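Each protein sequence line maps, in turn, to chains U and Y. Its first residue numbered 35, the first sequence is counted upward by one per residue in the numbering used here. Its first residue numbered 120, the second sequence is counted upward by one per residue in the numbering used here.
Hint data in this document are derived by calculation from the structure and do not stem from the laboratory. Predicted model only: the values in this text are computed from it and were never measured. Some clues are possibly wrong.
Said to hold, decoys possible - Each computed DSBU-like pair below joins lysine-lysine, with the alpha-carbon atoms no more than 30 Å apart:
1. Y:302 - U:129
2. Y:361 - Y:332
3. Y:135 - U:129
Stated by the list, open to error - From the structure, some residues in chain Y lie toward chain U, with a derived Cβ separation under 10 Å:
4. 148
5. 154
6. 191
7. 192
8. 215
9. 219
10. 234
11. 251
12. 257
13. 269
14. 271
15. 274
16. 288
17. 357
Even glycine gets a Cβ: it sits at the ideal position worked out from N, Cα and C.
These are the residues of each chain, in order.
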Amino acid sequence: MNRRKEALIGYLFASPWLLGMSVFLLYPLVSALYYSFCDYSVLKPPMTIGTANYIELYHDAVFRKAVANTFIYAAFALPTGLISALVLAMLLNAKLRGQNIYRTLFFLPSLVPAIPMAVLWNWLLNGQFGIFNVLIGKIVYHPPNWLGDPAWTKPSLVLMGTWGVGNTMLIYLASLQDVPTSLIEAAELDGASSWQKTRNVTLPMISPVILFNSVMGLIGSLQIFAQPFVMFPLGGPEQSAYFYSTYLYDKAFRDHAMGYACAMGWIMFIVIFILTLALIKFSEKRVHYGGT
Amino acid sequence: MAKLQLAPSRRNRSAKTRTLIKNSATHVVLVALSLIFIFPIAWLLLTAVKPMTEVLHDPPIWVPTHFEWNNFGDAMKYQSDTLGYIPFLVYARNTIVLCILVVTGTVVSNAIVAYSFARLRWPGRDLMFAFTLATMMIPFPVLMVPTFTLFHNLNWLGSFRPLWIPSWFGAAFNIFLLRQFFKTIPFELSEAARLDGASEWKIFAGVIVPLCKPALGVVALFSFLYTWNDFIGPLIYLLDQKQFTLALGLQSFQNQHGGTPFNQQMAASALVILPVMILFFFTQRLFVQGISITGLK
């Protein structure tokens with residue numbers, strides 16, 4: 035087959051994506067940038083107003099609150115999720131009987147879709163009748179009001195996120211099983227302790243996967259939407275669970291401030307872009323790409 | 120000498136005991152953690168079959184004195200008198216229809232596109248692939264408003280079209296996943312088929328696709344789950360309750376039915392969760408494989 039024909043067929047096969055990406059991703063992305071400089075609700079055509087949306091955002095106290103909430107949530111949810119997933123994966127990687135059963139049990143919660151998960155935890159964490167507080171109430175006099183106390187709404191969501199950590203755990207487990215046993219045995223012969231083996235052999239070997247899970251976890255936790263949307267309408271108590279995406283949605287589809295929402299969207303896009311690149315850059319020297 | 124001989128065997132025995140203790144300790148930890156992880160699901164199922172009088176009981180009633188199976192029917196039929204249909208049956212039908220459309224579209228389109236990126240040479244291919252990967256960083260919230268406008272202009276709002284038509288045009292992550300697989304098939308196979316005069320489509324559909332069934336299965340499985348679980352898409356693009364999916368229907372059920380009938384809320388949730396769990400038990404190996412390869416380059 036000559037090169038021109040191959041290229042032609044190549045473009046032909048790739049054309050659905052080239053078309054789909056342009057229509058459903060790039061065009062909307064660019065038009066969002068345009069709308070972000072407009073006063074726009076779907077009811078009337080967009081009217082350019084310069085940087086007014088961005089200036090208004092700068093002075094919007096709820097926006098600031100949502101930004102702070104999102105970063106606080108991510109700052110706790112990301113390490114908690116990454117570490118608990120890694121610890122679970124390491125436990126599952128021990129050569130023991132019944133690991134298949136343990137693996138299934140740890141993984142099952144991550145199969146629960148976001149909405150039933152929110153409905154379920156709304157019940158578990160119910161301040162008065164929820165099983166958590168009924169049990170905790172036997173030990174302490176004042177169990178936390180998980181969903182009603184602004185100090186506890188974010189920990190509740192972190193707790194839920196940790197429960198659904200099975201996906202990340204399986205990715206870690208697969209990479210742990212790929213660490214060559216010869217390396218571990220060599221370290222053992224040298225008299226390395228368990229901690230030294232983990233610190234100096236296992237972790238460097240799986241560092242690319244740690245990076246992958248960090249990037250995915252970061253992008254995911256900054257975009258948290260469904261759970262707070264269901265459990266904390268309009269941000270919940272003192273807007274303590276108003277996150278970037280839920281506020282953006284409310285601005286766009288409740289207040290019909292769609293240009294405003296697009297400005298928010300673009301800021302989010304840029305922030306996620308920069309943070310992802312920074313994370314990859316930061317780990318360049320620390321991630322070990324070797325072996326396979 | 121005697122001492123020297125004794126030492127290793129004693130060390131051996133103590134090492135064995137240590138391993139035994141260590142293994143038992145790990146088992147204890149694993150059992151405890153398993154119970155913690157599975158407890159919320161168990162509590163969901165137990166609450167779903169309790170009569171209302173036992174739901175809010177303190178001390179908690181772990182196993183209901185009689186199983187209230189009507190909770191499922193009551194939850195499903197909620198508001199059916201005023202609506203004129205059984206909402207959760209309609210939601211289930213909508214979700215299944217959407218899943219079929221999306222899974223088919225995702226598998227077909229991504230296989231074709233990934234084939235081009237993996238096995239055909241064309242100018243700009245590698246640059247375009249890098250660009251495709253970069254599009255994964257676009258967060259959905261920035262697309263909420265413009266896609267809403269786009270589908271509004273196309274007159275697609277209030278229909279299923281915004282939720283399934285885009286899936287027929289490929290998606291970055293699936294293209295990436297399938298490309299990695301397609302590249303592992305020896306290129307000699309394609310060359311041999313070409314020498315036999317097979318068209319490119321024939322090589323794709325007759326040689327490569329049959330060899331990549333597990334990877335295509337993973338893509339199908341993930342797109343099914345994505346569609347089954349998707350909430351934000353239906354929330355934005357669907358207008359009429361009669362078109363709601365299970366995820367959106369459950370949210371609106373909880374919204375209108377808030378307050379205390381937790382047994383019915385759990386019954387409704389169980390109806391959304393159980394099909395996923397059943398699917399998992401039938402496809403466990405594919406599942407674990409699929410998730411494992413997502414983390415590998």
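How the hints compare with the structure:
1. Y:302 - U:129: Violated. Residue 302 of chain Y to residue 129 of chain U sits at ~33 Å, over the 30 Å cutoff.
2. Y:361 - Y:332: Violated, at roughly 36 Å.
3. Y:135 - U:129: Since the Cα atoms of residue 135 of chain Y and residue 129 of chain U sit roughly 15 Å apart, the hinted pair holds (cutoff 30 Å).
4. 148: holds (6 Å)
5. 154: holds (8 Å)
6. 191: violated (14 Å)
7. 192: violated (18 Å)
8. 215: violated (15 Å)
9. 219: Since chain U brings no Cβ nearer than about 18 Å to residue 219 of chain Y, farther than 10 Å, the hint is violated.
10. 234: Holds, because the Cβ-Cβ distance from residue 234 of chain Y to chain U comes to roughly 6 Å (cut-off 10 Å).
11. 251: Interface hint status for residue 251 of chain Y: holds (7 Å vs cutoff 10 Å).
12. 257: With a closest approach of 6 Å, the residue 257 of chain Y hint holds.
13. 269: This interface hint holds because 6 Å falls under the 10 Å limit.
14. 271: holds (6 Å)
15. 274: violated (13 Å)
16. 288: holds (2 Å)
17. 357: violated (12 Å)
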